[in-house]
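Chemist: With these hints in hand, go ahead and build the complete structure from the sequences.
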Amino acid sequence: MFEALREGLSEEMERDPKVCVIGEDVGDYGGSYKVTKGFSEKFGSWRVLDTPIAENSFTGMAIGSAMTGLRPVVEGMNMGFLLLAYNQIANNCGMLHYTSGGQFTIPIVIRGPGGVGRQLGAEHSQRLESYFQSVPGLQMVACSTPYNAKGLMKAAIRCENPVILYEHVLLYNLKEKIPDEEYVCCLEEAEMVRPGTEITILTYSRMRYHVTQAAKTLVDRGYDPEIIDIRSLKPFDMYTIGESVRKTHRVLIVEECMRTGGIGASLRSAIMESFWDELDGPIGCLSSQDVPTPYSGPLEELTVVQPHQIVTAVENLCGKK
Amino acid sequence: MAALSSLRVAVPQLDSRRTLPCSHFGGAGCEKAFFRCQSSKLLLGAGCVAGEKAPRVAGGGNVRAAVSASKAVTEKPNSGSKSDKADLLVTKDEGLELYEDMVLGRSFEDMCAQMYYRGKMFGFVHLYNGQEAVSTGFIKLLKQTDFVTSTYRDHVHALSKGVPARQVMAELFGKSTGCCRGQGGSMHMFSAEHGLLGGFAFIGEGIPVAVGAAFTSKYKREVLKEEGDMPVSIAFFGDGTANNGQFFECLNMAQLWKLPVIFVVENNLWAIGMSHYRSTSDPEIWKKGPAFGMASAHVDGMDVLKVREVAKEAVERARRGDGPTLIECETYRFRGHSLADPDELRAPAEKAHYAARDPIVALKKYLLDNEIATEAELKSIEKKIDEVVEDAVEFADASPLPGRSQLLENVFADPKGFGIGPDGRYRCEDPGFTAGTAQV
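Residue numbers (the UniProt record's numbering), protein chains in the order written: chain A, 1 to 321; chain B, 1 to 440.
Hints listed in this document are in silico derivations from the structure and should not be mistaken for laboratory results.
Here the structure is a predicted model, which means the values were calculated and not measured.
Cβ atoms here follow ideal geometry from the backbone N, Cα and C, with glycine treated the same way.
Any given hint might turn out to be false.
[What the hints assert, rightly or not] To spell it out: a stretch of chain A is covered by chain B in this simulated footprint if at least three of its residues, at any positions, have a beta carbon under 8 Å from a beta carbon of chain B; those stretches are:
hint, segment
1, 55-63
2, 104-111
3, 133-140
4, 237-245
[What the hints assert, rightly or not] Using C-beta positions, here's what the derived DEER-type ranges look like:
hint, chain 1, residue 1, chain 2, residue 2, range
5, A, Glu176, B, Ile272, 31 to 41 Å
6, A, Thr260, B, Glu394, 46 to 56 Å
7, A, Pro136, B, Gln144, 29 to 39 Å
8, B, Leu256, A, Lys216, 52 to 62 Å
9, B, Asp397, A, Met192, 48 to 58 Å
10, A, Arg15, B, Arg221, 15 to 25 Å
11, B, Lys379, A, Pro136, 27 to 37 Å
12, B, Lys379, A, Ile53, 52 to 62 Å
13, B, Arg278, A, Ser134, 33 to 43 Å
14, B, Leu256, A, Asp277, 57 to 67 Å
15, B, Glu227, A, Ile53, 30 to 40 Å
16, A, Asp277, B, Glu193, 45 to 55 Å
17, A, Arg221, B, Ser405, 35 to 45 Å
18, B, Glu193, A, Ile53, 34 to 44 Å
[Said to hold, decoys possible] Derived DSS-like pairs (lysine-lysine); straight-line CA-CA distance at most 25 Å:
hint, chain 1, residue 1, chain 2, residue 2
19, A, Lys321, A, Lys216
20, B, Lys258, B, Lys225
21, A, Lys42, B, Lys220
22, B, Lys220, A, Lys37
23, B, Lys175, B, Lys92
24, B, Lys140, A, Lys42
25, A, Lys18, B, Lys258
26, A, Lys18, B, Lys351
27, B, Lys379, A, Lys18
28, A, Lys18, B, Lys220
29, A, Lys18, B, Lys218
30, B, Lys140, B, Lys379
31, B, Lys218, A, Lys42
32, B, Lys258, A, Lys42
33, A, Lys18, B, Lys92
Modeler: Written as structure tokens, this is what we have:
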């Protein structure tokens with residue numbers, strides 16, 4: 001996946017000389033997960049700017065440069081570090097187009113590795129989707145495969161809105177064959193992973209893999225789940241989701257986000273509001289625990305949703321077979 | 001503490017024409033670092049050491065740009081009742097431009113106070129009275145393609161940068177003809193046409209934006225190979241902001257990459273009710289620039305001509321690619337922090353001291369004493385400004401309030417960001433959408 005992200009970013013930088021990368025260790029070091037490896041030599045150090053450790057200020061700087069004509073891609077070395085840039089992300093990134101009455105656009109992409117990894121400790125294992133979710137003016141997408149990583153990276157860079165692209169620490173080594181021809185994914189669309197008839201399972205990022213793993217067991221037991229990777233965390237693709245709900249009448253959300261105020265919480269209420277009549281039962285939602293991610297292995301495992309929990313949840317919603 | 005704060009008040013009354021009072025130390029002989037001044041004839045007098053660069057630090061190469069130079073310049077002896085034309089600090093046109101801009105700033109702010117108390121303007125309104133020399137002194141040197149960021153005390157920066165008074169007043173009234181369509185308000189003035197990048201309510205958050213604009217300037221040179229004058233950026237902020245992390249982070253980055261940005265501290269001694277001396281371990285803000293290797297200066301911010309001289313050097317430095325400058329302007333706000341501030345903490349003596357140094361009065365005196373302008377010319381400027389401000393109010397009054405359809409219009413530059421609705425269409429394709437009737 002990191003190569004796909006690299007390809008997407010490189011293609012966009014070649015296509016438009018105003019695209020640049022700003023972040024810690026993005027240049028000489030090649031990025032903490034090697035997404036920008038080789039970029040310094042290829043594009044020069046003005047286009048791949050190694051910054052001092054000052055997230056709020058360099059994010060603000062990226063915003064100022066976006067307002068004046070550039071298209072920066074800001075890398076949070078770990079997404080968690082972007083908490084330091086919350087002032088700039090919420091106040092300036094999200095708001096300036098509005099408070100300026102539409103005079104300035106901020107075509108910025110903020111990306112980086114996040115999510116729960118392998119025993120990285122609480123601060124390096126944060127789930128930030130919910131923190132930025134409410135900020136008006138931001139779009140949020142989460143990539144999950146090399147294919148959609150490249151496509152979403154390109155789409156995010158081309159988008160005139162500020163976009164947060166959530167990558168996951170454990171997915172960088174995924175391998176997949178992707179097309180040679182140029183392609184761009186749609187930022188606002190969800191992705192059908194497995195069509196089915198019995199229940200709609202909505203997920204994103206790493207949990208997609210726990211869901212597909214659980215699906216193997218479920219199919220063996222005679223279930224027919226429809227799996228959708230929502231990809232766009234904000235806004236939700238209510239069409240793809242709605243078509244699925246109209247078909248299956250049952251919904252389970254599986255996410256890595258915290259339970260409280262998470263993506264699942266918003267999604268649940270959006271589905272209820274729009275598709276209440278289509279539902280045969282309550283919407284299930286499996287989220288990670290509202291705990292700071294523990295260091296110790298067994299505790300960390302208990303923090304995130306595991307495949308067996310997904311199987312149990314589907315059995316409960318659909319009835320045992 | 002009492003001794004320190006009394007230093008501020010005990011500034012000698014010096015001739016505004018040629019002298020550079022060192023307000024911190026009462027006038028004579030302070031060994032202050034100052035940047036090298038090109039216009040040595042004007043600013044260096046007896047007892048000044050012409051600026052020299054400090055020796056290279058061994059093993060590094062971080063040349064300290066701050067240099068030793070003048071402090072209290074002794075008064076130039078009177079050579080007659082008139083100064084030579086060659087010695088004058090401004091031409092007639094320049095003098096009148098500066099005067100008009102400062103009078104506009106003052107009159108506009110006074111009108112804001114009136115309008116606020118009449119219920120035409122709402123929320124938090126922070127007036128700039130007394131600080132006009134800083135805005136005028138710097139911004140009148142800029143081009144339309146240069147950039148400015150400010151804080152919540154931004155009305156006058158907007159006016160100096162060229163945003164029409166009508167648009168600013170309409171914005172304050174919350175009308176859709178305001179520069180930000182009524183969506184920004186007093187603390188969020190923006191103008192793409194005039195290079196005003198905001199108006200920020202949280203102090204400190206505008207400084208990185210100015211640095212970003214400077215980054216774009218340099219990027220366009222280095223990467224896109226654009227030619228012509230490099231646009232410069234100025235970040236205006238106060239003494240309170242100079243204790244904020246973003247200030248220091250930006251000093252570092254700007255100097256590191258030699259970005260064409262100027263950091264202007266409008267030190268008016270008070271952050272709402274917090275005295276600068278109670279919140280700052282070393283109150284001399286300009287001294288913090290050299291810690292980053294940055295050229296720095298302290299200037300009397302109540303004297304527009306001195307500000308302008310210092311500003312010229314800084315703008316030239318930025319434009320030729322030699323990097324940023326930090327300039328601390330000693331200034332004062334004649335009114336409270338905002339129109340809601342009872343302003344009970346500031347000593348009457350302090351207020352009186354600065355009232356006597358009103359920058360508009362000082363410039364007027366200079367122009368008249370040196371026969372650069374006549375009383376009649378200045379009066380006609382004042383009358384013109386009165387009309388401009390009245391017209392701005394009439395325009396704002398007559399303008400419409402925003403309609404419902406405006407609510408969602410500028411949330412996204414690309415309204416596809418509102419997503420795809422259950423019917424498969426993008427929500428923004430729904431005609432009623434921006435009036436908030438479509439579900440978001």
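Chemist: Give a verdict on every hint.
Modeler: Here is how each hint holds up against the structure:
no.	hint	verdict
1	55-63	holds (count 8)
2	104-111	holds (count 4)
3	133-140	holds (count 3)
4	237-245	holds (count 5)
5	A:Glu176 x B:Ile272: 31 to 41 Å	violated, 57 Å
6	A:Thr260 x B:Glu394: 46 to 56 Å	holds, 52 Å
7	A:Pro136 x B:Gln144: 29 to 39 Å	holds, 31 Å
8	B:Leu256 x A:Lys216: 52 to 62 Å	holds, 53 Å
9	B:Asp397 x A:Met192: 48 to 58 Å	holds, 56 Å
10	A:Arg15 x B:Arg221: 15 to 25 Å	holds, 21 Å
11	B:Lys379 x A:Pro136: 27 to 37 Å	violated, 49 Å
12	B:Lys379 x A:Ile53: 52 to 62 Å	holds, 57 Å
13	B:Arg278 x A:Ser134: 33 to 43 Å	holds, 36 Å
14	B:Leu256 x A:Asp277: 57 to 67 Å	holds, 60 Å
15	B:Glu227 x A:Ile53: 30 to 40 Å	holds, 34 Å
16	A:Asp277 x B:Glu193: 45 to 55 Å	holds, 51 Å
17	A:Arg221 x B:Ser405: 35 to 45 Å	violated, 53 Å
18	B:Glu193 x A:Ile53: 34 to 44 Å	holds, 36 Å
19	A:Lys321 x A:Lys216	holds, 15 Å
20	B:Lys258 x B:Lys225	holds, 17 Å
21	A:Lys42 x B:Lys220	holds, 18 Å
22	B:Lys220 x A:Lys37	holds, 24 Å
23	B:Lys175 x B:Lys92	violated, 38 Å
24	B:Lys140 x A:Lys42	violated, 41 Å
25	A:Lys18 x B:Lys258	holds, 20 Å
26	A:Lys18 x B:Lys351	violated, 50 Å
27	B:Lys379 x A:Lys18	violated, 50 Å
28	A:Lys18 x B:Lys220	holds, 9 Å
29	A:Lys18 x B:Lys218	holds, 12 Å
30	B:Lys140 x B:Lys379	holds, 21 Å
31	B:Lys218 x A:Lys42	holds, 19 Å
32	B:Lys258 x A:Lys42	holds, 23 Å
33	A:Lys18 x B:Lys92	violated, 43 Å
The structure is inconsistent with the numbered hints 5, 11, 17, 23, 24, 26, 27, 33, although it conforms to all the rest.
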